[in-house]
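Engineer: Chain by chain, the residues:
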Amino acid sequence: EDQVTQSPEALRLQEGESSSLNCSYTVSGLRGLFWYRQDPGKGPEFLFTLYSAGEEKEKERLKATLTKKESFLHITAPKPEDSATYLCAVQEVGNYGQNFVFGPGTRLSVLP
Amino acid sequence: DAGITQSPRHKVTETGTPVTLRCHQTENHRYMYWYRQDPGHGLRLIHYSYGVKDTDKGEVSDGYSVSRSKTEDFLLTLESATSSQTSVYFCAISGQGNEQFFGPGTRLTVL
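Top to bottom, those sequences are chains A and B.
Read left to right, the first sequence gives residues 1 to 112 (this note's numbering).
Read left to right, the second sequence gives residues 1 to 111 (this note's numbering).
The hints are simulated quantities; they were obtained by calculation from the structure and are not laboratory data.
Hints are supplied without guarantee of correctness; some may be wrong.
To be verified - When the alpha-carbon atoms are kept at most 30 Å apart in a straight line, the in silico DSBU-like pairs for lysine-lysine are as follows: (1) B/53 <-> A/42; (2) A/69 <-> B/57; (3) B/70 <-> A/42; (4) B/11 <-> A/42.
Stated by the list, open to error - Now the stretches of chain A that chain B is said to cover, found in silico as 3 or more residues with beta-carbon under 8 Å: (5) 37-47; (6) 101-107.
Stated by the list, open to error - Here are the computed distance ranges between Cβ atoms for each label pair: (7) A/41 <-> B/63: 18 to 28 Å; (8) A/77 <-> B/83: 38 to 48 Å; (9) A/109 <-> B/83: 26 to 36 Å.
For each residue, glycine too, the CB sits at the ideal point set by N, CA and C.
Go ahead and model the full structure; you've got the sequences and the hints to work with.
Structural biologist: Quick look at the structure:
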């Protein structure tokens, strides 16, 4: 069964304290891995798509990396406005549509 | 949220009543999805559509039906709402079958 897990469940950082969030997945064939940011009371906001092991994407203080079993979202020198829940999702090769599986998310708090 | 709206944004209803949620897009994307988000479960797919009148079931489709008569509109119907359907519902769209873009959500409470 396809599965996506994220760790830690929650993370508290001081402003400027860099860290990484983990997304581990098990699918028979990966078509893509996606990172989203979700603020309270809002819909998920798309951040990155990664397609193959070794690929990296960057946006401001965020960098996403991908291996064959997991992805990391690295946050460099975070600011309080980076506080949000970060979701990852995987899309499996094959039956498009019902194969987007989301992880439970990591709730990030950045304290000033 | 650009290009995707959901209505209503909040709704309180009673057990046994029918409820319809609407998702409207202005992006002309082929694929549309309905998810529910609950604490401890994350986002789970209810139904999706891959074109006008073309729909299929997701992971948690029991008790829900959908319709898509126009490219821009995707309706989710709870035929007879139950308390277990209290949740936040998100619509998403996708153009080429890759990244999905989400609407602002509808918070539904079934008493």
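Engineer: Does each hint hold? Answer for all of them.
Structural biologist: Verification of the supplied hints:
1. For the suggested pair residue 53 of chain B and residue 42 of chain A, the alpha carbons sit about 28 Å apart, so the restraint of at most 30 Å is met.
2. A C-alpha spacing of about 28 Å is found between residue 69 of chain A and residue 57 of chain B, which places the hinted pair at or below 30 Å, so the restraint holds.
3. Simply put, residue 70 of chain B and residue 42 of chain A have alpha-carbon atoms about 26 Å apart, close enough for the 30 Å limit, and the pair holds.
4. With a C-alpha separation of about 16 Å, the suggested pairing of residue 11 of chain B with residue 42 of chain A holds against the 30 Å cut-off.
5. Counting residues of the region 37-47 of chain A whose CB falls under 8 Å from any CB of chain B gives 6; the rule of at least 3 is met.
6. Counting residues of the region 101-107 of chain A whose CB falls under 8 Å from any CB of chain B gives 4; the rule of at least 3 is met.
7. Between residue 41 of chain A and residue 63 of chain B the beta carbon distance is about 25 Å. The supplied range of 18 to 28 Å therefore holds.
8. In this structure the hint that residue 77 of chain A and residue 83 of chain B lie 38 to 48 Å apart at CB holds, the actual value being about 45 Å.
9. Residue 109 of chain A and residue 83 of chain B have their C-beta atoms about 31 Å apart, which keeps the hinted 26 to 36 Å range intact.
Of the numbered hints stated above, none is contradicted by the structure.
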